[in-house]
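Visitor: Sequence:
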Amino acid sequence: MKYKEINLNKKLFGDDFIVYDWKETADKITVYVKATSHEGICPVCGHSTTSLHNTYHRIVQAYPLKQKSTYIDVIAYKYDCLNESCNRGVIMQDLPFVSASQRRTDNLNCLILAVSLFLSNEGASKVLKLLGINISNDSIKRLTDKIIIKDDPDVQTIGIDDVAIRKGQTYATAIYDMEDHHLIALLDGRNKESVVEWLKNHKKIKIATRDRASAYANAINEILPECIQIADRFHLLQNLIDRMKDVFKEEIPKEIFIKDGEILDEVPRKEATLKISLDSKELEKYNYDNSVPLDQDGNTIEFDGRCVDTNNKQYQKNEKNRKKNKN
1 MKYKEINLNK KLFGDDFIVY DWKETADKIT VYVKATSHEG ICPVCGHSTT
51 SLHNTYHRIV QAYPLKQKST YIDVIAYKYD CLNESCNRGV IMQDLPFVSA
101 SQRRTDNLNC LILAVSLFLS NEGASKVLKL LGINISNDSI KRLTDKIIIK
151 DDPDVQTIGI DDVAIRKGQT YATAIYDMED HHLIALLDGR NKESVVEWLK
201 NHKKIKIATR DRASAYANAI NEILPECIQI ADRFHLLQNL IDRMKDVFKE
251 EIPKEIFIKD GEILDEVPRK EATLKISLDS KELEKYNYDN SVPLDQDGNT
301 IEFDGRCVDT NNKQYQKNEK NRKKNKN
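Our numbering numbers the first residue of the sequence shown as 1 and each following residue consecutively.
Accuracy of the hints is not assured; some may be wrong.
[Stated by the list, open to error] So the derived label-pair ranges between C-beta atoms look like this:
1. E197 / N239: 20 to 30 Å
2. L111 / P43: 43 to 53 Å
3. D188 / E226: 19 to 29 Å
4. I207 / V127: 21 to 31 Å
Read the hints as simulated data drawn from the structure, not as lab findings.
We put the CB at the ideal spot given by N, CA and C, even for glycine.
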């Protein structure tokens, strides 16, 4: 079989970057990356430019490889904005795998946030360190504090569901934009009043997916009577299964008697068992020989149910000890 070498530069960093070196130590891996693009776009005026100003250097932490802390050492470009009416003098080249002023790649930040959802910041920091990710509990807190839930008054398709802030004690109502499935609102409680107040500022909603809770249905009917409400499949199947269980309990009896492959309509009568006394002559009808078994030579056949090899040295040693202790 012929194998074709694959260039991972494009797959990992895109067309505008190349990997030119790799360094690995006992607990750290560094990937050296350099930008190849010679054109920048001003984020203020939108004009493109090829006027190089300088290069800049960034080191960011990435997904761990081989359970070692992995860093990307990047050399990128700065450009001069040639638009005289623009007040932006120098343009920094964007790195597609890391946001501005971040010390970790976007994918790595997502992994850190995912782990911190189920653990405390201190616990998440220790678990991530085992995976090769260096981050303190204070850094995790700063990362979570930057999360912003951005509402959209023009949203047209939403999903509503309740979530547990603290299971069994505190609940909230989560509202999602079903176009790109991101959270746009987190309301206190899971009652009708909080949803009604939120819907008053979102009159463009045309479709709402929800569970079978009557509070959400009543809130939508009150504010948006023309809105199409869709019950999600999970709760529909759950309601169907619950109803089927009730039907089975009503229709199927607790006990079913089957004889000769057929279900009996009535409870079968108990048949009396035949009891024979030891003094009864009925036993004389049966031929039962209780004599000692003999072989062809007339010698008594002895049966030993033991599975132990008596000729084994360990068995003989233990047997001597048992006799000695017995005496």
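Visitor: Among all the numbered hints in the text so far, which are the ones the structure does not match?
Guide: Hints 2 and 4 contradicted; others consistent.
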